[in-house]
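Let chain Z serve as the given structure and place chain P on it in line with the hints.
Protein chains: 2
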Amino acid sequence: MTIMTPWHLQPPTWPEIEAAEARIRGTLRETPLLESERLNDSLGIRLLVKAEGMQRTGSFKARGAWNRLSLLDAAERERGVVAFSSGNHGQAVAWAARRLGVRRAVIAMPTDAPAAKVAATRAWGGEVVTFDRERDDRDALGQRLSVEYGLTLVPPYDDRSIIAGAGTLGSEVLRQADAMGARPDALLVCCGGGGLTAGCALAFEALHPEGRVWAVEPEAFDDTRRSLAADQRLGNAPGARSICDAIQTPMPGALTFAINAPRLGGAMTVTDDAVRDAMRVAAREFGLMVEPGGAAALAAILSGQRPGAAGIVAIALTGANVDGAVHGPIIME
Amino acid sequence: MTIMTPWHLQPPTWPEIEAAEARIRGTLRETPLLESERLNDSLGIRLLVKAEGMQRTGSFKARGAWNRLSLLDAAERERGVVAFSSGNHGQAVAWAARRLGVRRAVIAMPTDAPAAKVAATRAWGGEVVTFDRERDDRDALGQRLSVEYGLTLVPPYDDRSIIAGAGTLGSEVLRQADAMGARPDALLVCCGGGGLTAGCALAFEALHPEGRVWAVEPEAFDDTRRSLAADQRLGNAPGARSICDAIQTPMPGALTFAINAPRLGGAMTVTDDAVRDAMRVAAREFGLMVEPGGAAALAAILSGQRPGAAGIVAIALTGANVDGAVHGPIIME
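As given, the protein sequences belong to chains Z and P, one line each in that order.
Just so you know, we're using my numbering here: the first sequence kicks off at 1 and counts up by one.
Just so you know, we're using my numbering here: the second sequence kicks off at 1 and counts up by one.
It is possible that some hints are incorrect.
[What the hints assert, rightly or not] Derived list of chain Z stretches under chain P, where covered just means 3 residues or more per stretch with a C-beta under 8 angstroms from a C-beta of chain P: (1) 48–60; (2) 248–255; (3) 277–286; (4) 322–328.
[Claimed, not checked] Facing chain P, according to a computed beta carbon distance under 10 angstroms, are these residues of chain Z, among others: (5) I45; (6) R99; (7) W124; (8) V290; (9) G319.
[What the hints assert, rightly or not] Have a look at the derived ranges for each label pair, beta carbon to beta carbon: (10) A240(Z) with V129(P): 51 to 61 angstroms; (11) T27(Z) with D272(P): 32 to 42 angstroms; (12) R122(Z) with R103(P): 50 to 60 angstroms; (13) A179(Z) with N40(P): 24 to 34 angstroms; (14) T111(P) with L234(Z): 56 to 66 angstroms; (15) E127(Z) with L100(P): 23 to 33 angstroms; (16) A115(P) with Q10(Z): 17 to 27 angstroms; (17) R103(Z) with L43(P): 22 to 32 angstroms; (18) A179(Z) with P15(P): 43 to 53 angstroms.
Keep in mind the hints are simulated off the structure, nothing from the lab.
In this text, a Cβ means the ideal position worked out from N, Cα and C, and glycines have one as well.
Next up, chain Z with everything else stripped away, as it sits in the complex:
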């Protein structure tokens, strides 16, 4: 007997990413791809900066959420959805649910989620329930909420349509770079569960197979880096801490890791101090507020790490959802 992998746990094809592009057009924003001569001069590379914090709901998560929720059938819309999220995925799902007329969006958030993210999720009409990041099993909780209320579970990364949606960031970067006469040798993105990384890796494979996507993780959450080295999924130590609230995931997803392992250029890690420095540089060079997790890829470049001998490097500033109480003191330093 052959055990079939369910459809939603198989990698999306390139046409599915193209379909996601068509779905988000007009509703999501084509966020700017920026460049700073000052940064280029000081770094000695051409750096293309995707300002994805300006995306709807303030992060790239709107891409996957919109794509996934667009595929709900009428009965599923009538019942509603559930998502677990440290904040960005939850906001995106709540927003997409409201825009698409989905009746309910229950969002399970960790007790230590930033206040701004909880408030924003509620503002989009999300029903917030909380869980303990270390004691509770978030998959089990999601399943229970799903069964109890008949809600469709919208996973944050290990899902074919979520990955296809996230992949539109990669194809958008390549198309925008093309219009600027540039072809990035590498794209660096922050990596939690690996959905954005996987989607972008698939987009690069289709549009620019010589280019490589690199994952950037906080030092204490370097599960993808270690998993790539060991060629198997490894988790993070319990009790790990990082300023990057958005990318603190227990281990790579099964689907995302299967996509990433053979495709990534590699993985890099960044310290909290490097992330703070990147937040200051984003503010000064581009006038952008960037949340800690969203600044990880820029932090890698600013701390001297390079994706091989790349001359043109794209990075994504993936989110802007940072409390003023956190951002203020950092840019005041």
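Chain P only, in chain Z's frame:
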């Protein structure tokens, strides 16, 4: 005998704004025109937000500076330019001079200019000299520097090519809005000397004559509002204070006022508190750092002022050059 007004003190024609559009293309950024459903819902209008703080050098001033300096002849480039500026115009002139191979850019800045603006002007290669905002006559100082070093004076607003360059913000907003299926009834811009206001008023006159441009000023620097009411140029009281460092000018320009008086929808004023609130909203809704003067137009809308019965209103967030030490405490409130 007829006294002829010099060429550079006459209003630019629409073809000159179009020529400026062609000149800035590829070098300056087409900054995004954004929209927030949350803001639209709470305000009861459709608000289009021009994120011009993402412009080269962090403000709209790059438009006029690039246009003006592009018109220098070889001998003028070899000698250099001089500009007086509280910071944004100076940065823009220093940047444009470097990019265009102009030998020197001397920038006269007030002693109380924000540290970030002084540092950024120097970073673009500008030679900074300081003057006292209240005691020194900035026109006389500019003339003296111009004569002493043979430098071409690049005025901040009362100049035909500077106004034509600034006007490209207005035409760009109209073209971007058109692509979004919107036709703004009004465009609100912050107003210091009135160059941006005048340029946009001319662009609206050519492309959308039913639309109106409105000037927004700090309460203590409402010279354009009073001048429009009196139908003559009136100055501000000495010793006036505002958080909006970028738009503290002594009185409307002769040329800008001649353009604005018959064309503007009107003028509005905003308090420092309303400006701080607008800075917080720009951070929360769009992830954008906006400097105080750059937030004035948003502050007018948020404080309940409306340009007539307009249903679609565009505003410009005109600059992002704010010290972290100033922005931090405001967004932490």
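Hint check:
As drawn, the stretch 48–60 of chain Z meets chain P at 4 residues by the rule of a beta-carbon pair under 8 angstroms; at three or more, the given contact holds. Interface restraint, the stretch 248–255 of chain Z with chain P: violated (0 residues with C-beta to C-beta distance below 8 angstroms; minimum three). For the stretch 277–286 of chain Z, the stated coverage by chain P holds: 4 residues have a C-beta nearer than 8 angstroms to a C-beta of that chain, and at least 3 were required. Counting residues of the stretch 322–328 of chain Z whose beta carbon lies closer than 8 angstroms to any beta carbon of chain P gives 4, which reaches the threshold of three, so the coverage claim holds.
Hint status for I45(Z): violated, given a least beta-carbon distance of 19 angstroms to chain P, over 10 angstroms. The beta carbon of R99(Z) is positioned within 10 angstroms of a beta carbon in chain P (closest approach about 8 angstroms), and the interface hint is therefore held. At its closest, the beta carbon of W124(Z) sits 8 angstroms from a beta carbon of chain P; the interface hint therefore holds under the 10 angstroms criterion. The interface hint given for V290(Z) is met, as the beta carbon of that residue sits about 7 angstroms from the closest beta carbon of chain P, less than 10 angstroms.
Satisfaction of the interface hint for G319(Z) is found here, the shortest Cβ-Cβ separation to chain P being roughly 8 angstroms, below the 10 angstroms cut-off. At roughly 52 angstroms, the beta carbons of A240(Z) and V129(P) sit within the given window of 51 to 61 angstroms. The hinted range of 32 to 42 angstroms is satisfied by T27(Z) and D272(P), whose Cβ atoms lie roughly 37 angstroms apart. Distance hint for R122(Z) and R103(P): a CB-CB separation of about 58 angstroms, consistent with the stated range 50 to 60 angstroms.
In this structure the hint that A179(Z) and N40(P) lie 24 to 34 angstroms apart at CB holds, the actual value being about 29 angstroms. Here the CB-CB span from T111(P) to L234(Z) is close to 58 angstroms, well matched to the stated 56 to 66 angstroms. Take E127(Z) and L100(P): their Cβ atoms lie about 57 angstroms apart, and the range 23 to 33 angstroms is violated. Taking the beta carbon of each, A115(P) and Q10(Z) are about 55 angstroms apart, not inside 17 to 27 angstroms as hinted.
R103(Z) and L43(P) have their C-beta atoms about 27 angstroms apart, which keeps the hinted 22 to 32 angstroms range intact. The given range of 43 to 53 angstroms is broken by A179(Z) and P15(P), whose C-beta atoms sit roughly 27 angstroms from each other.
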